[in-house]
Every structure is written in structure tokens, then in C-alpha cells.
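**Student:** Okay, here's what each chain looks like letter by letter:
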Amino acid sequence: MRETRRRAVALALFAVVMALLPLFVSTYVVSVLIVVLFAAYFGQAWNIVTGFAGQLSLGHALYVGLGAYASAVLFVRFGLPPWLGMIAGMAIAALVGSLIAALSFRFSVTGVYFALLTIAFNEFTRILFDHFGWVGATSGLFLPVANRIRDDLLMLRGSPLMFYYCLLALSLGALGLSHFLLRRRIGYYWQAIREDQEAAEALGIDVFRYKVAAMALSAAMTAVGGAFLAFYDNNLYPDTVFAIGRSVEIITAPIIGGLGTLFGPILGAFVLTTLGEAMTQVSSGFAIDGLKQWCYGAALLLIVALQPAGLWPWLERRLGLAAGRR
Amino acid sequence: MSATPLLEVEDLSKRFRGLQAVDSVSLTVPKGSIVALIGPNGAGKTTTFNLIAGAIRPDSGRVRLDGADITGLRPDQACHAGIGRTFQLVKPFGALSVLENVTVGALRASADMATARRSAMAILERLGLADKADIPAKSLTLPERKRLETARALATKPKILLLDEVMAGLRPTEIDAMVTTFADLARESGIAILLTEHVMRAVMALAEHIIVLHHGQKICEGTPQQVSRDPAVLECYLGTAAAHA
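Protein chains in written order, with the working numbering: chain X, 1 to 326; chain Y, 1 to 245.
The set of hints was computed from the structure by calculation and includes no laboratory data.
Beta carbons are placed, not taken as given, at the ideal position from N, Cα and C, and that holds for glycine.
Each hint can be trusted.
Part of the chain X face toward chain Y, derived, beta carbon under 8 Å:
#, residue
1, R185
2, Y188
3, A199
4, D206
Generate the whole structure from the sequences, applying the supplied hints.
**Tutor:** Rendered as C-alpha cells:
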């Protein structure tokens with residue numbers, strides 16, 4: 001029980017530090033922290049389906065894109081507030097995620113083949129949007145950039161600081177939701193399915209239903225992040241929003257931080273983004289293309305070789321926050 | 001066997017390509033009784049279990065549990081119908097603690113977390129795993145994993161337990177302890193047990209009724225005394241010469 005209290009204190013401390021941090025750092029650092037929070041949140045959303053339920057999705061940029069386009073197009077075309085668009089995006093993403101999951105799991109497409117299928121749908125959708133004139137096709141969809149001084153939370157028009165706090169709230173919310181779900185029947189069932197599907201079935205778990213549910217929730221959460229991304233970036237191109245590279249980036253932070261852990265995606269996002277940013281700074285003098293990607297690859301390799309469970313389980317033990325004897 | 005049948009298997013058959021794995025096997029397990037399914041390796045014992053528990057669909061035949069037809073149900077549906085099974089090749093949820101493993105089973109019977117954890121803990125105590133409750137299942141020894149399999153299946157509150165070689169690899173004293181556990185369980189809770197086992201010490205001590213399979217067919221059934229004297233059984237286990245000796 002001592003650990004439980006220490007974990008709560010550590011979490012509160014983290015939340016307070018994150019909330020106060022922008023008051024003491026430059027706007028540049030805030031912009032980096034926004035990238036960290038995006039990576040953390042997408043990682044947390046992906047962690048639900050792959051970390052908890054054990055179903056490897058390599059096409060999560062699909063749901064980022066659906067959330068981004070749904071909210072942006074409803075705003076640009078009909079002037080609807082992004083919060084409504086977000087709900088539409090969540091519904092569409094959940095539906096598409098469930099369809100992909102149902103299609104594959106009904107026909108026993110699992111493991112690597114399921115992962116390939118998620119990539120395929122990610123790519124189909126990118127190409128579809130490349131030809132989707134109503135949302136701008138390849139020439140892109142642009143949100144009118146209003147002044148960035150007054151914060152309009154309803155329309156999500158405003159300063160980076162507003163986005164920082166929105167994303168912080170989102171990430172802490174995802175942490176709370178993950179924590180809550182892992183301690184309920186659904187969380188136990190997801191982990192059982194991840195560990196051994198056949199044994200899970202024999203214990204009365206409707207494996208199909210729970211896997212589809214994990215995918216739907218993960219996709220919907222990802223779409224929310226996509227909506228914020230659209231309103232933060234103000235421009236959407238299918239080739240960047242739905243990029244396979246984004247799908248790969250989404251999964252890197254949670255793997256480095258600790259797949260299936262609660263805090264791993266957040267820690268991984270900090271480590272990776274800081275590393276990437278440092279590399280960009282270092283290499284700006286002599287311009288080595290793709291140095292950042294090289295570093296991501298090297299970080300991934302090091303983690304898989306030295307700490308396959310990720311950084312967070314290791315750090316958790318070091319900080320004396322690990323629960324029980326585990 | 002005059003008692004009311006809990007599990008009734010009727011003319012169950014399954015063919016894998018050229019191999020008739022199970023060939024019109026019929027058997028019944030009365031309420032609260034312990035029945036053993038024995039036979040040499042490859043006799044079709046595990047396939048029969050898989051057919052009853054829904055892991056494979058039978059080509060023909062019927063399975064009835066407590067009067068309800070459960071033929072061809074999915075494994076999770078069979079579990080809800082009252083079948084609790086263990087796997088011969090153990091399948092622990094490695095990253096979860098021992099208590100969490102059993103809690104997953106207990107959540108079948110109760111959606112309430114606190115209740116599920118309590119009933120899981122009671123089962124761990126009964127199977128002598130209580131002191132391991134908080135360690136990850138992957139660090140258990142093989143005999144402990146076998147007990148965990150049983151604990152998890154038991155936690156689903158089944159009407160019948162199908163135990164697939166849960167005594168393999170145990171020391172004689174451990175076997176005796178397990179035998180006592182199962183005998184108590186059947187007597188106290190009225191749960192029926194169908195078990196396959198190579199450990200004859202356990203089979204003879206536990207089973208009221210034994211069914212012998214060979215090449216997918218039932219070649220003999222009866223009390224342990226009857227079965228151990230049956231020429232056909234001796235032949236399939238020891239060869240023709242022994243049976244005629």
C-alpha cells in the first residue's frame with residue numbers, strides 16, 4: 001500500500017510540474033512540449049489495443065487522419081465547433097476501427113497478418129483522401145488562421161499555450177482512463193487475451209468482442225488527438241496526416257517507455273522527442289538528413305536489446321514506485 | 001452408473017485428414033463423480049476434451065451438459081454453460097500475477113472485482129498457491145503452473161472440471177495432496193471431474209469409473225478393478241503377449 005501512496009504523490013507532482021512548466025520556459029520549449037504531449041497521447045491511445053489487448057496495429061495514423069479531417073472539414077465547411085467534429089471523428093474512427101478488427105478477427109487474421117492489414121487500410125485511406133476533392137485532395141485542407149493572441153477554447157483558435165493545456169488534460173485523462181480500465185473486468189480480459197488467447201476463451205471470455213472493443217476505443221481516442229492536431233497545425237495533407245511514418249512514430253514512444261504500462265507512453269514520448277529535438281539542433285550546422293530517424297532507430301534497438309520491457313518498469317523500480325514484489 | 005448424468009457424450013467423432021482421432025465415443029459423467037479417461041499416447045483423450053470444451057467442432061455426435069445441448073459451442077460459451085478445463089500444455093497468463101490469473105477465471109462467475117478477487121484467493125488457498133499470489137505466473141515451477149491451471153478453471157465455477165494431465169511431473173507426495181484436494185472438491189461442492197492422467201497412482205485413487213480409449217475408440221469401461229483386469233486394456237498398454245500371459 002505504501003507504493004500506491006507514493007505513486008499517487010509522484011503522479012500529482014508530475015501533473016503540477018507539467019502545469020507550471022510553461023511559466024518558466026521559452027515558447028520554443030513549449031512547442032517541443034506540445035510535440036511530446038501529442039506523442040504521449042497517441043502512444044497512450046495505441047497502448048490500449050496493442051499494449052493491453054495485445055493486438056498489433058501498425059496503422060494508427062488512419063485514426064489520427066479521420067479525427068483530423070472530420071473536425072477540420074466540419075469547421076471549415078459548416079463552421080461547427082471542433083468539439084462537435086471531434087465527436088463525429090471519434091464515431092467514424094471507432095466504426096472504421098471496429099470494422100477492420102471485426103473483419104480480421106472474424107476470419108482469424110491475427111498477429112503479423114493483422115498488423116499488415118492495419119497498414120493496408122491506413123494506405124487505402126491515404127490514397128482515398130488523395131482523390132477526395134471535397135476535403136482538398138492532395139492540395140490540402142486549410143483552417144483559417146485567426147489571431148493567436150486571444151484564446152477561443154470553443155473554436156480551438158488561439159495560442160500554443162492553450163493547446164499545451166488541452167493536450168496535458170487529454171494525456172492525464174488518458175492516463176486516468178487506462179488506470180481505471182486496467183482495474184476492471186475489461187482490463188483483466190484484455191490482458192488475458194494478450195497473454196494467451198486460447199486460455200482466455202476457455203475461461204469464458206468472448207475474445208472477439210473484447211478485441212473489437214479495444215480497437216474501437218483506441219481508434220476513438222486517437223481521433224480526438226487527430227482533431228487537436230488539425231487545429232494546431234492548421235493544414236492537412238493526406239500524405240502527412242495519414243503517413244505510414246506517423247503510424248510508426250506513434251508506436252515508438254510506448255515501446256521505448258514500456259508497452260502495456262500506464263506511464264510508459266508518456267516517458268517514451270519525453271525521451272524520444274527530446275532526443276529527436278537535440279539531434280535536430282546538433283545537426284543543423286552540418287545538415288545530416290534523417291539523423292533524427294537514425295536516433296529513433298538506435299534508441300529502439302538499444303531498448304529492445306537492454307530493457308525489452310521498456311524504460312518505465314526499470315525507472316519505476318529505481319524510484320521505488322513498483323507495486324508489490326513485481 | 002445409476003446416478004443422474006451431468007455430462008452425456010454420444011457417438012462423438014472427429015477426423016483429422018486421414019486420422020480418425022475420435023471414433024464414436026460415448027460416455028457419461030454423473031453429478032459429483034470423478035471419471036477418468038485413460039489410454040496410451042495418441043488415443044484421443046485430449047481431442048475428446050477439446051470436442052467437449054468447444055475448442056474443436058465434432059464431425060458428428062452430441063454433447064449434453066445438465067440436459068442442455070452444448071455441441072459445437074465456442075469455448076467461451078462452453079465455459080458459460082459450465083465446462084471448466086485445463087490445458088495439458090499449460091497456458092498461464094505469464095505477465096499477470098498468480099492472483100490475477102485466477103481472478104480472470106473468477107470474473108466469469110461475478111463481474112464485481114472485489115468478489116472475484118476474494119473467490120480467487122479462496123481457491124488459491126485451497127490449491128496451496130496462496131503464498132505465491134502476488135508473483136507473476138511466469139516465475140512458477142511446472143507443478144505450480146499445473147495447479148494454477150486447475151485453480152483458474154475452478155474459479156469459473158464450473159459444473160464439471162476437465163483436467164488434462166494435471167498431475168504430470170508431480171512428486172508422489174504432491175500427487176497424494178492433489179488427489180485429496182480433488183476428492184474433497186467433488187464431495188463438498190458436488191462438482192464432477194473428468195480427468196485424463198498417465199499417473200495411475202492418481203487414477204486408481206480418484207476415479208470411481210474409468211474409460212479406456214485406444215486409437216480413438218472406447219475399448220473398455222468400468223470400475224478401476226474391472227478395467228485393470230480387462231484383456232483388451234492390458235493388450236493396448238503392454239502388447240499381446242502380456243495379455244495372454
